[in-house]
Every structure is written in C-alpha cells, then in structure tokens.
Amino acid sequence: MENTLDIIVFWVSAAFAIGGAVMMVWQRNPVASALFLILSLISQAALFVQLDAVFVAALVIIIYAGAIIALFLFVIMLLNLRGESFGGRSEGPGRFVKLGIASLVGAELVYIISMSIIPKLELGLQKAAPMNFGDVKLVAGLLYSKYLYPFELTSILLLVAIVGAVVMAKRDENEKPDADLVE
Amino acid sequence: MSPVGAEHFLIVSALLFVIGVCGVMISRNLIITFMSVELMLNAANLSIITFSRVHADMSGHVIVFLTLTVAAAEAAVGLALIITLYRKRGTIDAAKFNIMKW
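Protein sequences appear in the order of chains A and B. Note that the numbering used here gives residue 114 to position 114 of the first sequence, counting from 1, and the numbers run on in steps of one. Note that the numbering used here gives residue 28 to position 28 of the second sequence, counting from 1, and the numbers run on in steps of one.
Keep in mind that the hints were calculated from the coordinates and are not lab data. The beta carbon of each residue, even a glycine, is placed where N, CA and C say it ideally should be. One or more hints might be untrue.
Unchecked claim - Label-pair restraints from in silico Cβ distances:
#1 Phe96/A / Met100/B: 20 to 30 Å
#2 Thr84/B / Thr4/A: 50 to 60 Å
#3 Arg28/A / Thr84/B: 21 to 31 Å
Work the whole structure out from these sequences, hints included.
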C-alpha cells in the first residue's frame with residue numbers, strides 16, 4: 001500500500017486494535033472489557049478490509065461484535081457479579097513469571113516474522129489484488145465446491161455445541177444450590 | 001510515508017496474540033480469560049487473511065469462515081460452563097477453582 005490515505009487508515013486501525021485489546025485485558029469490570037473487545041474487533045475488521053477481505057470483515061463484525069459479544073454481555077448480566085466474585089488479576093511474584101512467559105512468546109513470534117518470513121514475502125502487498133478478490137461470490141464458490149465437506153462438518157459442530165450448551169446450562173431438578181447462594 | 005507491507009499486518013497480528021496470551025495468564029476473571037481466547041483466535045485470522053492476500057489465494061477466507069464458526073461454538077459451550085460453575089461455586093474467580101491443582 002503506497003497511497004497516503006491507506007497508510008493512515010492502517011496505522012489508526014492498528015493502534016485502535018492493539019489499544020482496545022490492551023484495555024480489554026487491563027479492565028477489571030467485565031462489561032467494560034467486553035466493550036473494549038468490540039472496539040478492537042471493529043478495528044481488526046478495518047484491517048481485513050485493507051487486505052481486500054470484505055466479506056470476512058462483515059462476518060467478523062456480525063458474528064464476533066454482534067453475536068458473541070452479545071452472548072458475553074448477556075452472561076455477565078445474568079451472573080450479576082459484585083465485589084469479590086469478580087476475580088480481578090493475579091497478584092504476587094507469580095504474576096511476573098506469567099508476564100515473562102507471555103513476552104517470551106511475543107519475542108519468539110516477532111523474531112520468526114522478522115527473520116524467516118519477511119525476506120520471502122518481498123512486500124507482497126505492492127501488487128494489486130486480482131479482480132473481485134474477497135468477493136462473496138468467490139468465497140461461496142470455494143465454500144460449496146472445494147471445501148464442501150468441511151463446510152458440512154461445521155453444521156455438525158454447531159449442533160453438538162447447541163446440545164452441549166443446553167445440557168450443561170440446564171438446571172438440574174434434584175440439585176440443591178449451595179447454601180450461600182440462596183438469598 | 002513508508003509503504004505498509006504484509007509484515008506490518010503480521011506484526012499487528014502477533015501483538016494481538018501476545019496480548020491475548022497475557023490476558024489468559026494474568027486474568028483471574030473467567031469471562032475476561034475467555035474474551036482473551038477469542039482475541040487470540042481473531043489474531044490468528046488476521047495472519048491467515050494476510051497470507052491469503054499475499055499469495056492471492058482465497059482459500060484463506062474459507063478457513064477464516066470455518067474458524068469463526070468454531071469460535072461461535074466455543075463461546076456458547078464455554079459460557080454454559082461458566083454459568084454452571086457459578087451456580088455450583090458462587091464465583092467465577094479462576095484462583096478459587098483449584099481442586100485439580102497439584
């Protein structure tokens with residue numbers, strides 16, 4: 001991408017994606033966390049648009065920012081958490097070990113990208129994308145021909161998820177709730 | 001301004017993934033831990049889309065479609081688990097669930 005506007009849009013959406021993600025992890029309140037995750041996901045959808053994946057960007061907004069975050073917020077409201085039961089962040093010396101492990105993972109990823117992948121890519125985004133790249137029609141064409149079996153398997157996956165969620169979340173008739181939960 | 005290449009997108013994706021790892025590591029609220037997992041899944045999607053664009057091959061878009069389905073199914077099952085845990089124990093603090101800790 002050499003167009004100045006494209007470059008500005010890239011840096012702004014990258015900054016919002018990473019900033020939103022950091023704020024999501026930093027917040028103690030899960031509702032604020034969920035809203036920052038929406039910010040991060042919408043910025044990531046903008047990055048997808050820049051990579052000519054328009055259909056995927058729309059899917060990310062509809063499925064992630066729409067359905068999944070709505071489900072998260074619904075569960076947060078349903079649990080009605082207060083004070084202690086929030087959880088918060090881990091404390092003590094173990095926290096630094098955990099952050100150290102996480103930054104080790106990050107250093108490895110950046111090292112791998114900069115050492116092995118970049119020389120081979122040779123700035124692959126300078127070429128214009130093929131005609132209609134990322135179009136719904138082309139994605140659907142692949143989905144119903146070459147990738148038909150994986151696509152059909154997702155229906156079984158969704159069925160299993162529905163059954164599993166209902167079985168687990170259903171209240172057992174004979175079960176007695178713990179004494180401290182009864183108000 | 002210097003042009004934006006594929007490596008910029010890959011670095012953003014790596015950073016998002018690492019932030020997700022940090023979230024899983026340090027958060028004791030199960031819901032925030034779970035949101036971090038979703039963030040890591042989407043960071044992987046960003047990598048896949050970048051490579052798809054570089055190689056001008058649309059198979060990556062189909063793979064991302066399938067990943068989104070897995071993420072949706074995972075969210076439904078995981079949140080059902082969290083509701084069940086809260087009902088049994090009255091908390092979603094990950095530090096309180098130490099029954100299998102060695």
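Checklist entry - When the hints from earlier in the document are held up against this structure, which numbers fail? => result none
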